[in-house]
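Visitor: Following the hints, put chain E in place on chain X, whose structure we already have.
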Amino acid sequence: MISDSIANAPVPAAAPNPKDFAKKKRTNRSAKLKQCKLDARREQWLSQVKNKGSKDESNGFRDSSMHERDGSDRSLENLEMRQRGEENDGSIHHDSDLESPSNSPTSNASSVLGGNHSGTNYTGSSSSSSSSVGCCSGCITEEEEDDGCLDDWEAVADALAADDKQQNPSSDSSPDHEPVARSDSLPELTNRVDSVVQVSKPECAVMVPRAQVNGQAWRPDDAFRPQSLPNLSKQYSFPMNSDRHYGRGAVSWAHKSVISAPSSCPICYEDLDITDSSFLPCLCGFRLCLFCHKRILEDDGRCPGCRKPYDLEPVEGEASLNGGSLTFRLARSCSMITRS
Amino acid sequence: MVDFARVQKELQECNRDVEVSGIKVSPKADKLTHLIGTIPGPLGTPYEGGTFEIDIQLPDGYPFEPPRMQFSTKVWHPNISSQSGAICLDILKDQWSPALTLKTALLSVQALLSAPQPDDPQDAVVAQQYLREYQTFVSTARYWTEAFAKTSSLGVEEKVQKLVEMGFPEALVRSTLEVVGGDENLALEKLCTV
Numbered sequence: 001m002i003s004d005s006i007a008n009a010p011v012p013a014a015a016p017n018p019k020d021f022a023k024k025k026r027t028n029r030s031a032k033l034k035q036c037k038l039d040a041r042r043e044q045w046l047s048q049v050k051n052k053g054s055k056d057e058s059n060g061f062r063d064s065s066m067h068e069r070d071g072s073d074r075s076l077e078n079l080e081m082r083q084r085g086e087e088n089d090g091s092i093h094h095d096s097d098l099e100s101p102s103n104s105p106t107s108n109a110s111s112v113l114g115g116n117h118s119g120t121n122y123t124g125s126s127s128s129s130s131s132s133v134g135c136c137s138g139c140i141t142e143e144e145e146d147d148g149c150l151d152d153w154e155a156v157a158d159a160l161a162a163d164d165k166q167q168n169p170s171s172d173s174s175p176d177h178e179p180v181a182r183s184d185s186l187p188e189l190t191n192r193v194d195s196v197v198q199v200s201k202p203e204c205a206v207m208v209p210r211a212q213v214n215g216q217a218w219r220p221d222d223a224f225r226p227q228s229l230p231n232l233s234k235q236y237s238f239p240m241n242s243d244r245h246y247g248r249g250a251v252s253w254a255h256k257s258v259i260s261a262p263s264s265c266p267i268c269y270e271d272l273d274i275t276d277s278s279f280l281p282c283l284c285g286f287r288l289c290l291f292c293h294k295r296i297l298e299d300d301g302r303c304p305g306c307r308k309p310y311d312l313e314p315v316e317g318e319a320s321l322n323g324g325s326l327t328f329r330l331a332r333s334c335s336m337i338t339r340s
Numbered sequence: 001m002v003d004f005a006r007v008q009k010e011l012q013e014c015n016r017d018v019e020v021s022g023i024k025v026s027p028k029a030d031k032l033t034h035l036i037g038t039i040p041g042p043l044g045t046p047y048e049g050g051t052f053e054i055d056i057q058l059p060d061g062y063p064f065e066p067p068r069m070q071f072s073t074k075v076w077h078p079n080i081s082s083q084s085g086a087i088c089l090d091i092l093k094d095q096w097s098p099a100l101t102l103k104t105a106l107l108s109v110q111a112l113l114s115a116p117q118p119d120d121p122q123d124a125v126v127a128q129q130y131l132r133e134y135q136t137f138v139s140t141a142r143y144w145t146e147a148f149a150k151t152s153s154l155g156v157e158e159k160v161q162k163l164v165e166m167g168f169p170e171a172l173v174r175s176t177l178e179v180v181g182g183d184e185n186l187a188l189e190k191l192c193t194v
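From first to last, the protein sequence lines stand for chains X and E.
For the first sequence, UniProt numbering assigns the number 340 to the last residue and increments by one with no breaks.
For the second sequence, UniProt numbering assigns the number 194 to the last residue and increments by one with no breaks.
Isolated chain X (complex conformation):
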């Protein structure tokens, strides 16, 4: 039960994203799937006639097919390796088809190996392994029919994709758990242990490649690149430039003046240090060193650049004046307080 719940847990979480992809890429996928569709349908009908009585079976298949679909959908996320991913899935299915469910651990292992053999296929192979786990848990009771049913995965997947909304609740419904409850044989236990391991593995595997997929930027010429994605190269170039020029993120006129910032004071011709170069005493953008600024304030106090008086901005002279008046006032008030 635990294993099954774990096995099922990632499905709804992972389902919504790939579904969108599945609808987009359905055309691509259907082209490939069409070949086996007819044969699979035929076999499906045959198997369904055989399995009429066992609903839980079909539900188990549905579940597995859901897994499978998600797996293939996830593999679709990898646009470059999509074809190979599907092939990989196919091969894994055949493994699980040919071998009995007791051997499914090996199939899981093979799927993991398949995942390892091409790093970008992690999503596809790992999810397919989880799908095989699901199918094992569902199919162990009747081993004979597994072969036929497993062949029908893709067909069922197609059928399920047609009506997703109906299938989602059904996959979560109780019949899912029945086969697991029924199958308490030893190989099944090992399977379940394996499935737990595998499920935990696929989760990691799914998460890691997701991160990789997300980490990989869309190629700018990628046809499937979302339009809403911002152009990073453009976005990068702007703030970098602005950072380089702004220095302390000032306004546009400051921006200009920083660009044309002199390396030396235009008054005394001495080099401007960091304090001086970040000192902008006048709105006209004329920069000068603090010494010359102080000297001018002692004199007529007009900006050398625009000849407007400096007193419009509260820099040094006013600050000291204010400070003086403030201290004076404070002293007076203090004396009043002491008096009273």
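Since the hints were derived computationally from the structure, they do not count as laboratory data.
Here the structure is a predicted model, which means the values were calculated and not measured.
Some clues are possibly wrong.
[To be verified] BS3-like cross-link-like pairs, simulated, lysine-lysine; straight-line CA separation at most 30 Å:
id	chain 1	residue 1	chain 2	residue 2
1	E	93	E	190
2	X	294	E	9
3	E	103	X	308
4	E	162	E	150
5	E	162	E	74
6	X	294	X	308
7	E	28	E	150
8	X	294	E	103
9	E	31	E	74
10	E	28	E	162
11	E	9	X	308
12	E	9	E	28
13	E	93	X	294
14	E	74	E	24
15	E	9	E	24
16	E	28	E	190
17	E	150	E	24
18	X	294	E	31
19	X	308	E	93
20	E	28	E	103
21	E	74	E	150
Guide: Only chain E this time, still in chain X's reference frame:
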């Protein structure tokens, strides 16, 4: 105290492109507080072809105070005293800015030569002539340029010859010319005051 570091750099920068601007500043003596600026007469004016020397005194407050400038070459101009060479220019008075330099000030003086302001005269006589008899003003200004602003192009012997012809003894003329650095007008002034 004059900012000598700045004056030194100003002289270097100004003399770097003498060929382009034609404006030259050189120290008159060992002190950097007394300089001589040279500006060419603007083309298309009665001052064309003349080279005008300007005596520059740097006050202690330079560059926060304007340099004291006056023409040492005699000029016939409404805004320049025909007697003393004093210049009536706002940037040399209340409109001075420490951001200005000797070169930019001399450029302004050069611009003043090409654009007289008779409404704000320094020399009332010249301004009157400029307003009432413009042609007379132009011819007088041209004559003064020919007479006083082109003499610096003469050789030493010619200057000596000219001053000797004025009636000064040749030995005194030569010694005086040496003292004033070969400036004919200054030598003439000095000879007259002696």
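Visitor: Would you mind marking each hint as holding or not holding in the structure?
Guide: Hints, verified against the model:
1. 93/E - 190/E: holds (29 Å)
2. 294/X - 9/E: holds (22 Å)
3. 103/E - 308/X: At roughly 23 Å apart (the allowed maximum being 30 Å), residue 308/X and residue 103/E satisfy the hint.
4. 162/E - 150/E: holds (13 Å)
5. 162/E - 74/E: holds (17 Å)
6. 294/X - 308/X: holds (15 Å)
7. 28/E - 150/E: Roughly 20 Å between the alpha carbons, so the hint for residue 28/E and residue 150/E holds.
8. 294/X - 103/E: Cα-Cα ~25 Å, so holds.
9. 31/E - 74/E: holds (25 Å)
10. 28/E - 162/E: holds (24 Å)
11. 9/E - 308/X: With a Cα-Cα distance of about 27 Å, the restraint between residue 9/E and residue 308/X holds, given a limit of 30 Å.
12. 9/E - 28/E: holds (16 Å)
13. 93/E - 294/X: The hint holds at about 21 Å.
14. 74/E - 24/E: holds (18 Å)
15. 9/E - 24/E: Roughly 13 Å separates the two Cα atoms, so the pair holds.
16. 28/E - 190/E: Holds - the C-alpha atoms of residue 190/E and residue 28/E are around 16 Å apart, at most 30 Å.
17. 150/E - 24/E: Answer holds: residue 150/E to residue 24/E is near 16 Å, not above 30 Å.
18. 294/X - 31/E: Holds - the C-alpha atoms of residue 31/E and residue 294/X are around 27 Å apart, at most 30 Å.
19. 308/X - 93/E: holds (16 Å)
20. 28/E - 103/E: Distance of about 16 Å is within 30 Å: holds.
21. 74/E - 150/E: holds (11 Å)
Hint compliance for this structure: every hint is met.
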